[in-house]
Amino acid sequence: MTGLPEITLAGVLVADPELCVTPAGAVVTNFTVVTNDRSVDPATGKWVDKAPTLLPCSIRRQAAENVAESLMQGARVLVTGVLRQREWGTTGGVKRYVYEVDATEVGVSLRAATVKITKTTRDATSSTTPWDDDEPPP
Numbered sequence: 001m002t003g004l005p006e007i008t009l010a011g012v013l014v015a016d017p018e019l020c021v022t023p024a025g026a027v028v029t030n031f032t033v034v035t036n037d038r039s040v041d042p043a044t045g046k047w048v049d050k051a052p053t054l055l056p057c058s059i060r061r062q063a064a065e066n067v068a069e070s071l072m073q074g075a076r077v078l079v080t081g082v083l084r085q086r087e088w089g090t091t092g093g094v095k096r097y098v099y100e101v102d103a104t105e106v107g108v109s110l111r112a113a114t115v116k117i118t119k120t121t122r123d124a125t126s127s128t129t130p131w132d133d134d135e136p137p138p
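Just so we're aligned: 26 in this note's numbering is position 26 of the sequence shown, and the numbers increase by one with no gaps anywhere.
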């Protein structure tokens with residue numbers, strides 16, 4: 001465990017996930033999830049949407065390829081990962097901060113969709129290990 005906050009969020013993809021390859025050859029998929037809260041207005045009894053929260057997310061390795069191939073804009077997803085704060089500066093030298101999720105798991109919400117599961121097979125020439133990051137080797 002890293003000591004950083006682990007979170008799970010449910011939301012909607014704001015755009016199609018983008019698959020990238022880093023200069024070191026690592027596969028990463030970036031995507032943004034929007035989530036918002038609703039509450040009942042006591043005066044009217046109607047549901048009122050609160051301000052949305054957008055969280056940039058990324059996932060790596062085989063899961064990155066699966067997310068990029070399987071999901072699209074508008075898909076309702078469940079994301080589990082580590083919440084990180086990243087600092088960056090504007091051209092004027094002003095410091096800015098953004099929260100991002102390093103996802104460890106991404107799944108489709110079955111609240112409003114159905115899914116047919118297709119297991120992926122590992123390529124024998126793959127440079128990745130045959131076990132998950134959380135599991136010790138056999």
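Certain hints may be false.
Claimed, not checked - What follows is a set of in silico ranges between Cβ atoms, one per label pair, in the way DEER data are often shown:
1) S70 with T35: 13 to 23 Å
2) V40 with K119: 16 to 26 Å
3) T22 with L54: 16 to 26 Å
4) G45 with Y97: 34 to 44 Å
5) S39 with G3: 25 to 35 Å
6) V14 with V40: 46 to 56 Å
7) A51 with R96: 16 to 26 Å
8) K119 with K95: 37 to 47 Å
9) W88 with S109: 39 to 49 Å
10) P52 with L19: 31 to 41 Å
11) E18 with G45: 35 to 45 Å
12) D16 with S39: 23 to 33 Å
13) K116 with P42: 41 to 51 Å
In short, the hints are calculated from the structure, not lab data.
Please read all numbers here as calculations on a predicted model, not as lab measurements.
Glycine included, C-beta positions come from ideal geometry on N, C-alpha and C.
Comparing the hints with the structure gives:
no.: 1; hint: S70 with T35: 13 to 23 Å; verdict: holds, 20 Å
no.: 2; hint: V40 with K119: 16 to 26 Å; verdict: violated, 43 Å
no.: 3; hint: T22 with L54: 16 to 26 Å; verdict: holds, 23 Å
no.: 4; hint: G45 with Y97: 34 to 44 Å; verdict: holds, 38 Å
no.: 5; hint: S39 with G3: 25 to 35 Å; verdict: holds, 33 Å
no.: 6; hint: V14 with V40: 46 to 56 Å; verdict: violated, 26 Å
no.: 7; hint: A51 with R96: 16 to 26 Å; verdict: holds, 19 Å
no.: 8; hint: K119 with K95: 37 to 47 Å; verdict: holds, 45 Å
no.: 9; hint: W88 with S109: 39 to 49 Å; verdict: violated, 31 Å
no.: 10; hint: P52 with L19: 31 to 41 Å; verdict: violated, 25 Å
no.: 11; hint: E18 with G45: 35 to 45 Å; verdict: holds, 42 Å
no.: 12; hint: D16 with S39: 23 to 33 Å; verdict: holds, 31 Å
no.: 13; hint: K116 with P42: 41 to 51 Å; verdict: holds, 43 Å
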